[in-house]
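**Q** Sequences and hints are given; from them, build the entire structure.
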Amino acid sequence: MLEHKRRGTIIATLVVTTLLCVGKAFSVVQLEKYVAQVGMATPQAADVSVSISVKGRPTTATPAPLLCRLVRYPQQEIHKLQVEDSYGQLLPITIVSVDGSLEVQLSEGKEIPAQYSVRYSVTSARQLRRIPLAVVDVPPSASEGAVEIQTTLASDDVSVGSSFPAMEWRDHQHGSTRLGSIPSVVVLNVKHIRDVSILDRLFDVSTISTFLMFGFVLISSFVWYLRSR
Amino acid sequence: MTSLSLHFIIVAGVYFLVVLAIGVVGLRKTKTEEDFLTAGRSIGPWVGGAVLAATQISAGTLVGTVGRHYATGVSWVWVWPGVWTGWLISAVFVGPKLREYGVVTIPDYLAVRFRSETARVLSAIFIICAYMILLVAQYQACGVVLESIFGIPPLWAMCILSASTLLYTTLGGVRSSSYIDFLQIMIVVSGLVLSVPVLLHNFGSLSLAGQFLHAQDPRLTGAWYNGKQLFGYSLAFGLAIAAAPYEMVRFNSMRDKATVRNAIGFCFFLQALIGSCVLMMGLLTRALFPNVSSADQASSTMALHVLPPLVGSLFMVALLSAIMSNVNSILLVASAGISHDLYGHVINKQATEKVKLLINRISIVVLSLAPIWFALRRYSDVQSIVVLQTRFIASFFFIPMILGLNSKGGNSATVISSMLGGVLGCLAWSIWSNTHPTNIDAVEVGIVSSAVLFFVVRSISARKIALSAERSSSAGA
Numbered sequence: 009m010l011e012h013k014r015r016g017t018i019i020a021t022l023v024v025t026t027l028l029c030v031g032k033a034f035s036v037v038q039l040e041k042y043v044a045q046v047g048m049a050t051p052q053a054a055d056v057s058v059s060i061s062v063k064g065r066p067t068t069a070t071p072a073p074l075l076c077r078l079v080r081y082p083q084q085e086i087h088k089l090q091v092e093d094s095y096g097q098l099l100p101i102t103i104v105s106v107d108g109s110l111e112v113q114l115s116e117g118k119e120i121p122a123q124y125s126v127r128y129s130v131t132s133a134r135q136l137r138r139i140p141l142a143v144v145d146v147p148p149s150a151s152e153g154a155v156e157i158q159t160t161l162a163s164d165d166v167s168v169g170s171s172f173p174a175m176e177w178r179d180h181q182h183g184s185t186r187l188g189s190i191p192s193v194v195v196l197n198v199k200h201i202r203d204v205s206i207l208d209r210l211f212d213v214s215t216i217s218t219f220l221m222f223g224f225v226l227i228s229s230f231v232w233y234l235r236s237r
Numbered sequence: 098m099t100s101l102s103l104h105f106i107i108v109a110g111v112y113f114l115v116v117l118a119i120g121v122v123g124l125r126k127t128k129t130e131e132d133f134l135t136a137g138r139s140i141g142p143w144v145g146g147a148v149l150a151a152t153q154i155s156a157g158t159l160v161g162t163v164g165r166h167y168a169t170g171v172s173w174v175w176v177w178p179g180v181w182t183g184w185l186i187s188a189v190f191v192g193p194k195l196r197e198y199g200v201v202t203i204p205d206y207l208a209v210r211f212r213s214e215t216a217r218v219l220s221a222i223f224i225i226c227a228y229m230i231l232l233v234a235q236y237q238a239c240g241v242v243l244e245s246i247f248g249i250p251p252l253w254a255m256c257i258l259s260a261s262t263l264l265y266t267t268l269g270g271v272r273s274s275s276y277i278d279f280l281q282i283m284i285v286v287s288g289l290v291l292s293v294p295v296l297l298h299n300f301g302s303l304s305l306a307g308q309f310l311h312a313q314d315p316r317l318t319g320a321w322y323n324g325k326q327l328f329g330y331s332l333a334f335g336l337a338i339a340a341a342p343y344e345m346v347r348f349n350s351m352r353d354k355a356t357v358r359n360a361i362g363f364c365f366f367l368q369a370l371i372g373s374c375v376l377m378m379g380l381l382t383r384a385l386f387p388n389v390s391s392a393d394q395a396s397s398t399m400a401l402h403v404l405p406p407l408v409g410s411l412f413m414v415a416l417l418s419a420i421m422s423n424v425n426s427i428l429l430v431a432s433a434g435i436s437h438d439l440y441g442h443v444i445n446k447q448a449t450e451k452v453k454l455l456i457n458r459i460s461i462v463v464l465s466l467a468p469i470w471f472a473l474r475r476y477s478d479v480q481s482i483v484v485l486q487t488r489f490i491a492s493f494f495f496i497p498m499i500l501g502l503n504s505k506g507g508n509s510a511t512v513i514s515s516m517l518g519g520v521l522g523c524l525a526w527s528i529w530s531n532t533h534p535t536n537i538d539a540v541e542v543g544i545v546s547s548a549v550l551f552f553v554v555r556s557i558s559a560r561k562i563a564l565s566a567e568r569s570s571s572a573g574a
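Going down the list, the sequences are from chains A and B.
Here this note's numbering is used: the first residue of the first sequence is 9, the next is one more, and so on.
Here this note's numbering is used: the first residue of the second sequence is 98, the next is one more, and so on.
Don't take every hint at face value.
Which residues of chain B face chain A? A partial, calculated answer using Cβ under 10 Å [claimed, not checked]:
1. V295
2. N299
3. F309
4. A384
5. S390
6. P406
7. V549
8. V553
Treat the hints as calculated values from the structure; they're not laboratory data.
Beta carbons are placed, not taken as given, at the ideal position from N, Cα and C, and that holds for glycine.
**A** Structure representation (structure tokens):
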């Protein structure tokens, strides 16, 4: 009888644990799709449009729920920031500026929609290299490539050196990439086609770091070989 | 399959060809069981130091600690002083003295020091169990990494890890793995050191990264853990390092006491460098990718999307190599527990060298497959599994090793009660504190109970011996 009771307890525990796990999985909010379009009209300005789809139970939290967060670089200005729902209706938002970050909050009592878009412009007095992306506080779903970033340059411009994230360039103007999670910034080094030189390709971060790493490994292997003889 | 995949395949192919070549050379030079387990005691200080660092730096550091810094920020860095204290204790109180005993395994040492074959059996069984837990962490990390690169199911990744580690572990034992560890640590160090400026270049500024992290969660740049919690974690790591069988067995392959001390010094320097880089990697990856789906993916996300393709590939190869190195060390120690201690000293004392070597290699195969089942279930994140294992190792081994090497007296009852009392105290407190959270870490309870039992049983035993000596002398008189 004791054996039956023990078995019963174990089975009950397993069932309850399974139900809790399944229940928890269904209640978790996840990022389903994130598509960011970054258009660099000039080397000092970019327009960004981000479409966000979220699945799971939406939150209505107090204080006001956070829609997204952007990195605030000191020499940049973020203008014309607005958020729309899937019907094109503007959502009531509050923009809070803190050190290093710009937080976009939905007005209190409002529900974060399952799909919405964030649009803004970024300008800089000097060349714009780092374009902040709207980061949402929602983990991505397990599907690979939930995040897509598309970049468009001006017709006479080209990206030199290594970009972040690494882009696949369809032509000199249009690039795209797919990732599993949202980067907080897109890094592009844009130049006029006529101004590109061989030095731009030789002295970029990717080339330098690759040479340094392999050089170090080869030298240390050679030293080890000499000492072990 | 990602764009990194082709680069990774080429880099990994070259690397594993080198590993295979070293394994074959090791096989030719390995004739006896002692050769297999101690490399003929020929390893010098530079390779020795790199080996010690490579043995410790594994998935727990490159996946687990990076992920922990990613998830909790700066405060986890305070665990490193505990690790370094563990190395210092090892350098002064453990390593050189253990080397003098000239034993092959840690259960060997306990059997000799405390004149107890029961202690040998118990410690061998415990090593096998505890290191199976550590293997689960390594396999789980490997599953996460290869799934990120190739999109392959974790089961395949774990089978690949098992097969490739088996190859050079069974071929050459400690001799070949020592030289592979040196190569691997050089790749890890260069990858880590280079990743920091690349991460910084992409984000733009360290101070801005700090502000952005603070905006996400103030605890990331402040105190995620309280002092008591950090002390508990630090203690677990430090004491486990000081008495870690899979580290101590590496001392046996070094030339002499002085070599052990110098090797630990070099290892110390490497760890300081690695610890700093891992901290920066975790924090800057969080700044660049604030929402990865799990903290364990932080390092593979960084390698895939931040580092240049060849550098990222080499880093991932080094990461997998670190996992393999750790798995290799663990398998060597655990299999030696079976072949040398349980089989050679208990089951069949007349076993020949050839038979013991064969048993060793069969054990390695079996032990490498067992953790796969647990790893597929992902009970917890990598760092939490490693912390669990360090608590048990510290509670079981630290007091008997430290006091055994640095004090006199004690017998079979002393060491057995100390080992069992330590691990049972740790286990009981871990279970109890799940429902009754306290500020006392399970490892503190384990160490205290181990120490108390050691001293109490030792003094009782000493008294009994003194009494029986008195009776004998008065009977003789």
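**Q** Look at each hint and say if it fits the structure.
**A** Hint check:
1. V295: holds, 6 Å
2. N299: Holds - the Cβ of N299 of chain B comes within 10 Å of chain A, reaching about 4 Å at its closest.
3. F309: holds, 4 Å
4. A384: Status holds, d = 7 Å.
5. S390: holds, 5 Å
6. P406: holds, 8 Å
7. V549: The hint is violated - V549 of chain B has no Cβ within 10 Å of chain A, the shortest such distance being about 34 Å.
8. V553: Violated. Min distance 36 Å.
Checked against the numbered hints above, the structure breaks hints 7, 8 and satisfies the rest.
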